[in-house]
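Engineer: Sequence:
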Amino acid sequence: MEGGRNEARPLVTLALFAYNQDRFISEAIKSAFSQEYEPLEIILSDDCSSDATFSTMKKMADQYTGRHKVMINRTPYNMGVANHVISVCRKARGDIVVVAAGDDISYKNRVAMLVTEFQKDESIYCVTSGFDVIDENENYISTNNQIPLGLKRNKTRKNFLKLSKDKKFKVIQGSTASYKAALFSFDFPKEPLLCAEDNLFNFAIYANGKDIASVSAPLIAYRQHDGALSNFKEKTLTARDSEMATHTQLEKSESLLLAMKKIAESASQQDVVDYPGIENELESIRVRLKWNNTKLLDRFRLTFLSLLRQDFVLFRWQIIRFGGAFPDYVPQKYLNPIKKYLKK
30 MEGGRNEARP LVTLALFAYN QDRFISEAIK SAFSQEYEPL EIILSDDCSS
80 DATFSTMKKM ADQYTGRHKV MINRTPYNMG VANHVISVCR KARGDIVVVA
130 AGDDISYKNR VAMLVTEFQK DESIYCVTSG FDVIDENENY ISTNNQIPLG
180 LKRNKTRKNF LKLSKDKKFK VIQGSTASYK AALFSFDFPK EPLLCAEDNL
230 FNFAIYANGK DIASVSAPLI AYRQHDGALS NFKEKTLTAR DSEMATHTQL
280 EKSESLLLAM KKIAESASQQ DVVDYPGIEN ELESIRVRLK WNNTKLLDRF
330 RLTFLSLLRQ DFVLFRWQII RFGGAFPDYV PQKYLNPIKK YLKK
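In our numbering, the protein residues as written are 30 to 373.
Simulated from the structure, these hints should not be mistaken for laboratory data.
From the three backbone atoms N, C-alpha and C, an ideal C-beta is built for every residue, glycine too.
Just to be clear, a hint being listed does not mean it is correct.
Claimed, not checked - Keeping only pairs whose Cα atoms sit at most 25 Å apart, straight-line, the calculated DSS-like set for lysine-lysine is: (1) K98 <-> K59; (2) K290 <-> K196; (3) K59 <-> K149; (4) K219 <-> K120; (5) K191 <-> K291.
As the list claims (entries may be wrong) - Each pair of labels, with its calculated beta carbon distance range: (6) I349 <-> R96: 54 to 60 Å; (7) K88 <-> S214: 29 to 35 Å; (8) F355 <-> G238: 23 to 29 Å; (9) Y304 <-> S171: 20 to 26 Å; (10) D80 <-> E308: 47 to 53 Å; (11) Y304 <-> N107: 31 to 37 Å; (12) K59 <-> R122: 21 to 27 Å.
I would like the entire structure built from these sequences, with the hints used as guidance.
Structural biologist: Structure representation (structure tokens):
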């Protein structure tokens with residue numbers, strides 16, 4: 030025992046985050062209540078939903094008579110996922126914080142298995158796990174997945190870290206993640222974040238010389254449905270819809286990179302941070318975000334500069350949006366019909 034804490038069985042916080050998920054929140058809460066591990070603190074937190082999510086949380090918390098300590102929380106305004114997670118996890122009393130989404134289901138052994146993995150090495154600041162995928166009716170789509178969702182389609186992902194060869198980079202999937210509470214003492218930005226919290230935590234952990242581990246067993250059922258905040262179903266989009274989605278993703282990427290710069294300023298391992306890589310990517314993103322208000326002559330100049338720098342990714346992006354205004358750039362709006370024709 031140290032300071033009233035049992036190191037063999039540390040206090041754990043299971044923080045369940047929800048926003049407009051009244052269709053699924055009851056099952057998510059039941060799965061939190063069913064956890065076999067003790068001692069466990071459960072925080073049910075709603076990000077100012079406009080539906081019945083919070084009232085369901087309150088009702089189920091009031092009716093709960095089990096062995097876990099249950100608290101409810103509601104944000105005064107919609108904070109967005111990253112800010113919501115950081116604010117609640119900073120209030121958690123547990124030495125470990127297991128996060129859960131309001132539309133997913135945590136298996137009853139989830140917390141216990143994650144704690145066991147944390148206890149293997151003090152440098153571990155995050156443990157993720159395998160997962161099953163279910164649909165909105167809880168039918169299983171796939172089981173025992175190990176590759177984080179969305180990773181396959183983002184093969185050119187940049188980590189902006191220069192890790193040693195013996196340090197393998199592991200990707201955090203937020204829906205399966207758990208964190209050492211000490212992570213939330215890092216200097217995260219106070220301004221609103223548009224980016225996903227798992228990408229930010231991924232960078233912060235390695236930039237501070239800590240590590241990430243994983244449990245291969247599936248410990249959650251990840252629910253895939255049209256209203257999910259992160260939905261990785263294949264979708265057929267019009268050129269206009271695709272362009273608007275791209276713009277939104279660029280805004281999130283800019284938010285992530287700015288947050289990474291902020292974290293790096295106070296990180297314990299600043300030498301592993303690829304500062305030029307972050308700056309170059311920020312410059313590229315800002316060129317794209319300002320493209321709509323860039324005059325034709327300047328578009329030509331910037332496109333030519335990309336070619337000279339051999340930045341062929343940005344060059345290709347600029348070429349297909351050389352004329353016209355957002356989101357109906359020319360020839361961007363003609364790409365989908367051409368793609369359909371080529372598939373015939």
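Engineer: Each of the hints needs a verdict: does it hold here or not?
Structural biologist: Going through the hints against the structure:
Between the alpha carbons of K98 and K59 the distance comes to roughly 14 Å, so the proposed pair stays at or under 25 Å and holds. For a cut-off of 25 Å, the pair hint linking K290 to K196 stands: about 21 Å separates their Cα positions. Taking the CA atoms of K59 and K149, the gap is about 29 Å. The hint is violated against a cut of 25 Å. Taking the CA atoms of K219 and K120, the gap is near 15 Å; set against the 25 Å cutoff, the hint holds.
This hinted pair checks out: K191 and K291 have alpha carbons roughly 17 Å apart, not beyond 25 Å. About 59 Å separates the C-beta atoms of I349 and R96, a value consistent with the hinted range of 54 to 60 Å. The given range of 29 to 35 Å is respected by K88 and S214, whose C-beta atoms sit roughly 34 Å from each other. About 42 Å separates the C-beta atoms of F355 and G238, a value inconsistent with the hinted range of 23 to 29 Å.
Take Y304 and S171: their Cβ atoms lie about 39 Å apart, and the range 20 to 26 Å is violated. One distance hint, 47 to 53 Å for the beta-carbon pair D80 and E308, is violated here, with the actual separation near 42 Å. At about 33 Å, the beta-carbon gap between Y304 and N107 stays in the expected band of 31 to 37 Å. Against the hinted window of 21 to 27 Å, the Cβ-Cβ separation of K59 and R122 comes to about 23 Å, which satisfies the hint.
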